[in-house]
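Enquirer: Protein sequences appear in the order of chains A and B. Heads up: the first sequence begins at 1 in my numbering, then just goes up one per residue. Heads up: the second sequence begins at 1 in my numbering, then just goes up one per residue.
Think of the hints as simulated: they come from the structure by calculation, not from any bench. Check the hints yourself; a few may be wrong.
[Stated by the list, open to error] Dumping the calculated BS3-like pairs for lysine-lysine here, alpha-carbon to alpha-carbon at most 30 Å:
#, chain 1, residue 1, chain 2, residue 2
1, A, 206, B, 151
2, A, 157, A, 209
3, A, 157, A, 39
4, A, 283, A, 209
5, A, 39, B, 131
6, A, 39, B, 70
7, B, 131, A, 283
8, A, 115, A, 125
9, B, 17, B, 70
10, B, 70, B, 124
11, B, 124, B, 92
12, A, 209, B, 17
13, B, 70, B, 151
14, B, 17, A, 283
15, B, 124, A, 206
16, A, 206, B, 131
17, B, 92, A, 206
18, A, 209, B, 280
19, A, 283, A, 157
20, A, 39, A, 283
21, B, 92, A, 209
22, A, 206, A, 320
23, A, 157, B, 17
24, A, 39, B, 92
25, A, 209, B, 151
26, A, 283, B, 92
27, B, 280, A, 206
28, B, 151, B, 124
29, A, 320, B, 92
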Amino acid sequence: MTVAQQTPSTPIVPPAAAPHNRRWSGFTHLLMARLLELKREPEVIFWVFGFPVLLALGLGIAFRNKPAETTLVAIVESPGAQDALVMLQRSPRNSSIRADLVDQQQALQGFRLGKYDLVVVPDGKEGFQYRYDPARPESVLSRAEVNDALQAGAGRKDPVPTSSVTSSEPGSRYIDFLIPGLLGMNLMNSGMWGIGFALVDMRQRKLLKRFLATPMRRSDFLLALTSSRLVLMIIEIGLLLGFGVLVFHMRVLGSLFTIVLLAAIGAVAFGGLGLLTASRAQKLESVSGLMNIVMMPMWIFSGVFFSSERFPAMLQPFIKMLPLTALNEALRATILQGASLGTQSGRILILVLWGGVSFALALRWFRWT
Amino acid sequence: MPPAIQCRELRKTYDGKVEAVRGLNLEIQAGECFGLLGPNGAGKTTTIEILEGLLEPTSGQVTILGHTWKENARELREWLGISLQETRLSEKLTVRETVELFSGFYRQPLPPREVLEQMQLEEKADAWVGKLSGGQRQRLAVATALVGNPKVLFLDEPTTGLDPQSRRQLWDIIRRFQQAGGTVLLTTHYMDEAERLCDRLAIIDHGQVIAEGTPADLIDRLGGHHMVEFQVSGNSDGNALGIWRALPGVESVRHDNGLVCLNVREPHLTIPALLDAVTKEGEQLLHLTTRQASLEDVFVRLTGRHLREE
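Full structure from sequences and hints, please.
Expert: Printed below as a string of structure tokens:
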């Protein structure tokens, strides 16, 4: 070989020219690398940023025009049916009722399939029979509505004069309820996946082991992973809240600082949970299963899409202890009611406990190989 | 000056059952390129990972540059460069970013640019790791090991699965590191690699060193430096081996895939005698070659098996 004659490309550089790394060099390098990787992962961009916004948009539109809800009523064709139709049209509530004249079979089938909320059967003696389902709120509502309209149409006079004012202020709408919940859910999803999945992936490709073979501090590694989550979190909050404010004219009452702080505590707590879930798993398949088991109860119980108060009182203590319930409630109180940090101490404590205990256990059980 | 790498009575038992390493001793001097040679499952990777401080031995002692892993792990990490078998680096980082990431872990790394240049990876510096060829990936793996400016380089099967050109490139890199004063420990199951690259080597089988020395030493121990391989038309069963063994200058005989292999000291004496013997037996010679004995022959002689059994 002619290696000896090659131009001396000595790999040992004089120390003066060599870069000299300081204490946090490993951490900053890891953090930058992680952020670059995330940026280059189209799936991450979609699930973390695109998906929640799309969900908010879809649900926001679906539930936007609630007040003008119309009820669909079937009137069974028979003598008297025409009268009923005229009476309904004459009534002042006409705008919220849509009535179809159909034969009995069609009416009953439509009712069974949920197309009609109510079936009106003229009894041929100027009276009517209502067929409704007491277990379906919209059916009950429809019966009251139609009855009112028919009675008024027939000339009933209300003994007491009343009037109504409608109110759908920002803050009380479904979208206002939804956005903080989506924010909480997103912090959970991306915290668990972002940390847990990444870890198992790196373990599977033996990258964790490779890092271990360098002077890298293990704590720096975990810290960098968590910090990358916090950076993402800031973007998530900005995006979802900004979206709510711009598109749905949502009002944010609490201070931005409080919101970010709560979200950060949530992100770290779920990061800890993600770390714990992924502390030993060797395969992506097994960690996916574990993640879903951990997150499933919170998707259901923690009041993302509807209030957790709907569950029976017996379950409430359990529900209140879930980290996502605590986070969602704290975010809602802050964003919608302007609650201060101090009033959220109980919920913060729950989050800190979940995060702290998970981190502690994860560090004990964690496997690098 | 203490040996660069030393281990005594190294043992590793997995789950209390599988004995991967059984009482292994090694002493590697600073500046040496030392090879651990053996078939798959011989315990090479377990051994090198114990030496690298990534696995705890069940028993035995390891000192690297005079330090133990228990007392001085952090310092040792600064001094060692390690390339593991089958590490898949992050696919969505570029080559440069990957080397920079690893350089960030060391107190006094080499400038990443310089390492990329040495590894002939400058052209690929801005390509994603996921887009690299096998040879480029392997060079990148070595680059991440070299960027910390190590004194000792551990390479676990650095050239497995590479094309001949990529292998040669890696050999050059390893030699240059050694010429600059570095110590190298590598595992391989390629005999030619060990012969060309290593100053000394240890052949490992079933978790033990079964032979150790320079490549030339080990071949010397065979007795003869030449191999004569031939095939005859008739039956070449066990009885026949006795005939060939008795030929002049023959050190040993074995069967290999229908061929008879003789290890001989002086082929000019053996071959005429062989031809006579074939005629006397009334058989026909179908095939005859002679070649230099290699480490592969040493291994087969020692274990009765080939290094890479198909």
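Enquirer: Next step is simple, just say for each hint if it's right about the structure.
Expert: Checked hints:
1. A:206 to B:151: With a Cα-Cα distance of about 24 Å, the restraint between residue 206 of chain A and residue 151 of chain B holds, given a limit of 30 Å.
2. A:157 to A:209: 83 Å, violated
3. A:157 to A:39: 67 Å, violated
4. A:283 to A:209: Answer holds: residue 283 of chain A to residue 209 of chain A is near 15 Å, not above 30 Å.
5. A:39 to B:131: 18 Å, holds
6. A:39 to B:70: Violated, at roughly 39 Å.
7. B:131 to A:283: Distance ~24 Å between residue 131 of chain B and residue 283 of chain A Cα, so the pair holds.
8. A:115 to A:125: 28 Å, holds
9. B:17 to B:70: 25 Å, holds
10. B:70 to B:124: Distance ~39 Å between residue 70 of chain B and residue 124 of chain B Cα, so the pair is violated.
11. B:124 to B:92: Holds: residue 124 of chain B and residue 92 of chain B sit about 14 Å apart, inside 30 Å.
12. A:209 to B:17: Answer holds: residue 209 of chain A to residue 17 of chain B is near 24 Å, not above 30 Å.
13. B:70 to B:151: 19 Å, holds
14. B:17 to A:283: 25 Å, holds
15. B:124 to A:206: 23 Å, holds
16. A:206 to B:131: The given pair, whose Cα atoms are some 19 Å apart, holds under the 30 Å limit.
17. B:92 to A:206: Roughly 16 Å separates the two Cα atoms, so the pair holds.
18. A:209 to B:280: With Cα atoms ~63 Å apart, residue 209 of chain A and residue 280 of chain B exceed 30 Å; violated.
19. A:283 to A:157: Since the Cα atoms of residue 283 of chain A and residue 157 of chain A sit roughly 73 Å apart, the hinted pair is violated (cutoff 30 Å).
20. A:39 to A:283: 24 Å, holds
21. B:92 to A:209: Roughly 19 Å separates the two Cα atoms, so the pair holds.
22. A:206 to A:320: 39 Å, violated
23. A:157 to B:17: 93 Å, violated
24. A:39 to B:92: 9 Å, holds
25. A:209 to B:151: 20 Å, holds
26. A:283 to B:92: Holds, at about 20 Å.
27. B:280 to A:206: 61 Å, violated
28. B:151 to B:124: Answer holds: residue 151 of chain B to residue 124 of chain B is near 27 Å, not above 30 Å.
29. A:320 to B:92: Status violated; Cα separation ~41 Å.
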